[in-house]
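A.B. asks: Work out the full structure: start from the sequences and follow the hints.
In order, the protein sequence lines correspond to chains P and X.
Using our numbering, read the first sequence as starting at 3 and increasing by one per residue.
Using our numbering, read the second sequence as starting at 76 and increasing by one per residue.
To be clear, the hints were calculated from the coordinates, so they are not data collected in a lab.
Mixed in with the good hints there might be a few duds.
[Stated by the list, open to error] Straight line, CA to CA, 30 Å or less: simulated DSS-like cross-link-like pairs of lysine-lysine:
| id | chain 1 | residue 1 | chain 2 | residue 2 |
| --- | --- | --- | --- | --- |
| 1 | X | 109 | P | 125 |
| 2 | P | 83 | P | 192 |
| 3 | P | 125 | P | 204 |
| 4 | P | 176 | X | 243 |
| 5 | X | 109 | X | 243 |
| 6 | P | 176 | P | 192 |
| 7 | X | 169 | P | 178 |
| 8 | P | 125 | X | 243 |
| 9 | P | 206 | P | 258 |
| 10 | X | 169 | P | 27 |
| 11 | P | 206 | P | 178 |
| 12 | P | 204 | P | 224 |
| 13 | P | 82 | P | 178 |
| 14 | P | 224 | P | 82 |
| 15 | P | 125 | P | 176 |
| 16 | P | 82 | P | 192 |
| 17 | P | 176 | X | 109 |
| 18 | P | 224 | P | 192 |
| 19 | P | 178 | P | 83 |
| 20 | P | 206 | P | 125 |
| 21 | X | 169 | P | 258 |
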Amino acid sequence: MLIAIVSLGGMGLLFGGLLAFAAQKFAVEVDPRVEMIQGYLLGANCGGCGYAGCGQYAEEVVAGRASLNACTPGGPEVAKKIAELLGVEAPAAEARVTAQLVCLGGCDTARSRAVYDGYRDCKAALMFGGGVKACRFGCVGEGTCARICPVEAISMNGTGLPVINHDLCISCGKCKNACPRQVIEMVNAKTIHYVRCKSQDKGKQVREVCSRGCIACGLCVKECPVTAIRLENNLAIIDGYICNNCGTCVEVCPQKTIA
Amino acid sequence: MGELITIIFGAIFINNFVLSRFLGLCPFLGVSRKVETALGMGMAVIFVMGMTALVTWPIEQYLLIQYNLQYLRTIVFILVIAALVQFVELVVRKISPALYQALGIYLPLITTNCAVLGVAILNINLGYNLLEAVVFSVAAAAGFTMAMLIMAGIRERLDLSFVPGHLKGISLGLIMTGILSLAFSGFKGML
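C.D. replies: In structure tokens form, the structure reads like this:
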């Protein structure tokens with residue numbers, strides 16, 4: 003009994019001492035600023051900065067390899083705090099961007115040409131002869147963006163289109179990168195109206211596949227009081243940094259594409 | 076030499092740790108999502124099991140048997156392995172950051188994992204000498220790694236195919252483990 007207690011206790015003591023010694027001897031020095039910056043970050047680990055997570059971004063920013071305002075969820079406030087800590091000037095604040103769906107081709111508006119019953123993923127759906135919808139530019143509607151969103155700001159509505167909650171969006175851009183049809187764009191959060199279509203087809207072909215696609219009639223371009231709209235590749239495009247949200251284009255659009 | 080080859084073959088195929096002894100099922104199901112992570116985990120297990128055999132065998136022979144303390148074997152082995160893994164982690168972190176990046180996150184996960192403790196106790200029960208014990212441990216860990224890689228490969232394929240909702244995730248994982256285990260029982264009786 004005594005031997006058992008002594009030997010087990012002795013071993014515990016020995017290993018404890020060894021670990022304590024090793025912890026000091028082999029201590030790895032970590033810059034305390036890394037931990038402080040990690041405290042400022044929101045900890046969503048969204049990857050919007052381009053690094054593996056908040057921890058790696060903190061390391062990179064202390065090492066001077068990452069820009070101070072790369073954290074989009076944190077925005078200018080976090081950038082300012084980091085700048086103060088590192089003793090450098092805060093970079094100019096950029097306008098907040100938000101994810102925006104640029105397609106209105108739900109199952110009630112866009113023509114379907116097939117039924118897809120496979121794995122619920124947009125890329126997988128596209129592998130089967132280019133997806134369900136007749137339009138070759140539109141949203142596939144399998145909800146890959148909704149699943150990848152780290153803050154659950156995207157939900158799928160009844161017509162098979164994603165709905166983005168702009169208040170929840172942290173601008174990480176994951177949905178934009180995941181979308182195989184590029185129908186999610188990062189846009190200026192202050193602008194309300196956008197041309198919600200990506201089709202570069204001619205007007206007649208667009209009408210054949212979707213009741214709300216842009217037919218490039220040019221009415222909005224003519225009527226816009228601040229000339230924020232231009233036509234490119236059979237598609238009207240609103241510049242979100244010029245637009246003053248007057249809403250004239252929404253009224254004149256014959257296809258109700260601008261919303 | 077022939078003896079050692081028999082031990083290696085037996086530990087990898089016939090008495091595979093995961094598929095016929097059912098040890099280490101937790102990391103087997105938990106870390107087998109991707110081939111890459113499965114390989115990292117497997118390497119960490121090979122490393123830890125080798126070290127474990129090297130350390131626990133002398134302790135059994137020169138301490139526990141000497142003082143008639145075999146009944147303390149489990150708790151002593153847990154203590155030794157936990158301290159050892161912690162120590163190795165500290166050293167690796169200082170000496171080789173690259174190795175730490177590759178193995179570091181898996182090391183705490185397998186501190187006294189049942190497969191690691193199992194290999195230490197099996198070494199004693201099977202009456203191996205030190206060389207045999209180390210060879211057996213590394214081979215057993217290699218078998219574990221192989222099972223992990225097979226599972227991860229299957230899972231990566233399954234991710235792209237249609238699986239009925241009620242089978243998704245852990246239930247299908249367990250079914251596949253069972254089928255794999257059946258397949259490996261074909262090796263029984265080879266030696």
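A.B. asks: Each of the hints needs a verdict: does it hold here or not?
C.D. replies: How the hints compare with the structure:
The straight-line distance between the Cα atoms of residue 109 of chain X and residue 125 of chain P is roughly 20 Å, inside the 30 Å bound, and the hint therefore holds. For the hint pairing residue 83 of chain P with residue 192 of chain P, the CA-to-CA distance comes to about 24 Å; that is within 30 Å, so the pair holds. The straight-line distance between the Cα atoms of residue 125 of chain P and residue 204 of chain P is roughly 26 Å, inside the 30 Å bound, and the hint therefore holds. At most 30 Å may separate the alpha-carbon atoms for a hinted pair to count; residue 176 of chain P and residue 243 of chain X meet this at roughly 25 Å.
Between the alpha carbons of residue 109 of chain X and residue 243 of chain X the distance comes to roughly 16 Å, so the proposed pair stays at or under 30 Å and holds. Restraint check for residue 176 of chain P and residue 192 of chain P: the C-alpha separation of about 20 Å stays at or below 30 Å, so the hint holds. A distance of roughly 40 Å separates the Cα atoms of residue 169 of chain X and residue 178 of chain P; the hinted pair therefore is violated under the 30 Å criterion. Restraint check for residue 125 of chain P and residue 243 of chain X: the C-alpha separation of about 20 Å stays at or below 30 Å, so the hint holds.
Between residue 206 of chain P and residue 258 of chain P, the direct Cα distance comes to roughly 16 Å. Compliance with the 30 Å bound is thereby established for this hinted pair. This hinted pair checks out: residue 169 of chain X and residue 27 of chain P have alpha carbons roughly 9 Å apart, not beyond 30 Å. Restraint check: the Cα-Cα separation between residue 206 of chain P and residue 178 of chain P comes to about 28 Å, which is no more than 30 Å; the hinted pair holds. About 19 Å separates the Cα atoms of residue 204 of chain P and residue 224 of chain P, which keeps this hinted pair within 30 Å; it holds.
Restraint check for residue 82 of chain P and residue 178 of chain P: the C-alpha separation of about 27 Å stays at or below 30 Å, so the hint holds. Taken as a hint, the residue 224 of chain P and residue 82 of chain P pair is broken in the structure, with Cα atoms around 42 Å apart against an allowance of 30 Å. Taken as a hint, the residue 125 of chain P and residue 176 of chain P pair is honoured in the structure, with Cα atoms around 15 Å apart against an allowance of 30 Å. Under the criterion of a C-alpha separation no larger than 30 Å, the hint pairing residue 82 of chain P with residue 192 of chain P is consistent with the structure, at around 22 Å.
Our distance criterion of 30 Å between C-alpha atoms is met by residue 176 of chain P and residue 109 of chain X, whose separation comes to about 21 Å. Of the pairs offered as hints, the one joining residue 224 of chain P and residue 192 of chain P holds, with about 23 Å between alpha carbons and a cut-off of 30 Å not exceeded. The suggested pairing of residue 178 of chain P with residue 83 of chain P holds, with an alpha-carbon distance near 28 Å, which does not exceed 30 Å. Straight-line distance between C-alpha atoms of residue 206 of chain P and residue 125 of chain P comes to about 28 Å, which keeps the hinted pair within the 30 Å bound.
Only pairs whose Cα atoms come within 30 Å are accepted, and residue 169 of chain X paired with residue 258 of chain P is rejected, the gap being roughly 63 Å.
Consistency with the previously given hints fails for numbers 7, 14 and 21, ordered from lowest to highest.
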